[in-house]
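Sequences are here, hints too, so could you generate the full structure?
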Amino acid sequence: MMTGNDETKFEQWLQDAAKTYHAPRPTPRDEMWARIEARRVRRVRPWMRWSLAAAAVLVLGIGIGRWTAHQEAAGPKTPTVATGSGNSDLVYQVAATQYLSRTETFLTGFRSDLRAGRVDTRFMGQARDLLTTTRLLLDSPAANDPRMRALLEDLELVLAQISQLEAGRDRRNADLITQDMDQRSVLPKLRSAIPAGPVPVRTEGAI
Amino acid sequence: MDERDLINRVRAGDGIAERALYDAHVDRVYRLAYRLAGDDALAQDFTQETFIRAFAKLDTFRGDSALSTWLHTITTTVVLNGLRKVKRFHQREADLEAADGVSGGPREAEPDLKARLRQAIDALPQGYRTVFVMHDIEGFTHEEIGVALGVETGTSKAQLSRARAKLRESLADFAGEWVS
Chain D
7 MMTGNDETKF EQWLQDAAKT YHAPRPTPRD EMWARIEARR VRRVRPWMRW
57 SLAAAAVLVL GIGIGRWTAH QEAAGPKTPT VATGSGNSDL VYQVAATQYL
107 SRTETFLTGF RSDLRAGRVD TRFMGQARDL LTTTRLLLDS PAANDPRMRA
157 LLEDLELVLA QISQLEAGRD RRNADLITQD MDQRSVLPKL RSAIPAGPVP
207 VRTEGAI
Chain P
41 MDERDLINRV RAGDGIAERA LYDAHVDRVY RLAYRLAGDD ALAQDFTQET
91 FIRAFAKLDT FRGDSALSTW LHTITTTVVL NGLRKVKRFH QREADLEAAD
141 GVSGGPREAE PDLKARLRQA IDALPQGYRT VFVMHDIEGF THEEIGVALG
191 VETGTSKAQL SRARAKLRES LADFAGEWVS
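Residue numbers (this note's numbering), protein chains in the order written: chain D, 7 to 213; chain P, 41 to 220.
The set of hints was computed from the structure by calculation and includes no laboratory data. Incorrect hints may have been included.
[What the hints assert, rightly or not] Quick look at which bits of chain P chain D covers, simulated, 3 or more residues with Cβ under 8 Å:
1. 62-75
2. 89-100
3. 156-166
4. 171-177
5. 197-208
The beta carbon of each residue, even a glycine, is placed where N, CA and C say it ideally should be.
And the structure:
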């Protein structure tokens, strides 16, 4: 049994030895500050982004209307990714549909390349871009719908994991990511959230 | 410039003051995030999120506590929530490694004290580990920990005591290092 003296010695030894636990490297101040500023600019000016998106939607509105009228006449309606009415909801809906479509393409390509034994650096960059959009959408009214929010949160985790892979050296983690995707049925959920047919409007860069 | 002036300037949208506030606190925030996450990419992500939230919510800071304490409250919230999100991923990784016999072997397979200490700290329950890291490694007081984690000071002390007891038990093989 330890005496009080031994206990004090242990605590002193422990405090000293534990300094090696997850010892941080020098703080990367400038790199982090640059990313903080970039993210804050995107957050503090959402009205500007959504206004631009709204303008893009309005410009293309007539074309969409005509296209949709033809589609409605031809077949049943497809589910939409967000609920609500009015122009602002339409903007979020269009932006979310665009994003989901891009993400579905990306994840399908990622899985396919992984099966072929490739873990390419371009995936990490694309995952980071999509991750930024995911977080913007999580902060937007598009995430008001609980199912959409749950899907976005799943995608945020998957994309964050992919963005942290190391090219050519991380096959095992990449496999775990795809297993995780399968377990949570991420791709089927993603596909079911995307309306069938072509994505109606191109709003690249709107969000 | 004192802290109150700095905060007022940040609230007024002064970019130079924002950077000054960041520079004054980023080291400790990043260190804490790194110690808890054990991963540079995650620590950077958590640090960035902490300052983004802090700048967004600075109007709600009433000055009841030091700004550093308020920042550390945000830091621990961001880090612990973030770690919960990735925990399942890491757990599955660890399970697979254990199934493959890659790690988690008997004690004699890992004789290095530094590695054993890391494993022992990692194995602590999250609450114990957080308090241990903040107090014994990063030098926070129990009062600061209590505010940051939203617990009583006594709870912080009790968790530290239990953390040390668990570590003493886990590191019993190395008793010669501290008992002379």
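Structure-based check of each hint:
{"no.": "1", "hint": "62-75", "verdict": "holds (count 8)"}
{"no.": "2", "hint": "89-100", "verdict": "holds (count 4)"}
{"no.": "3", "hint": "156-166", "verdict": "holds (count 3)"}
{"no.": "4", "hint": "171-177", "verdict": "holds (count 4)"}
{"no.": "5", "hint": "197-208", "verdict": "holds (count 3)"}
Going down the numbered hints, you'll see the structure goes against none, and every one checks out.
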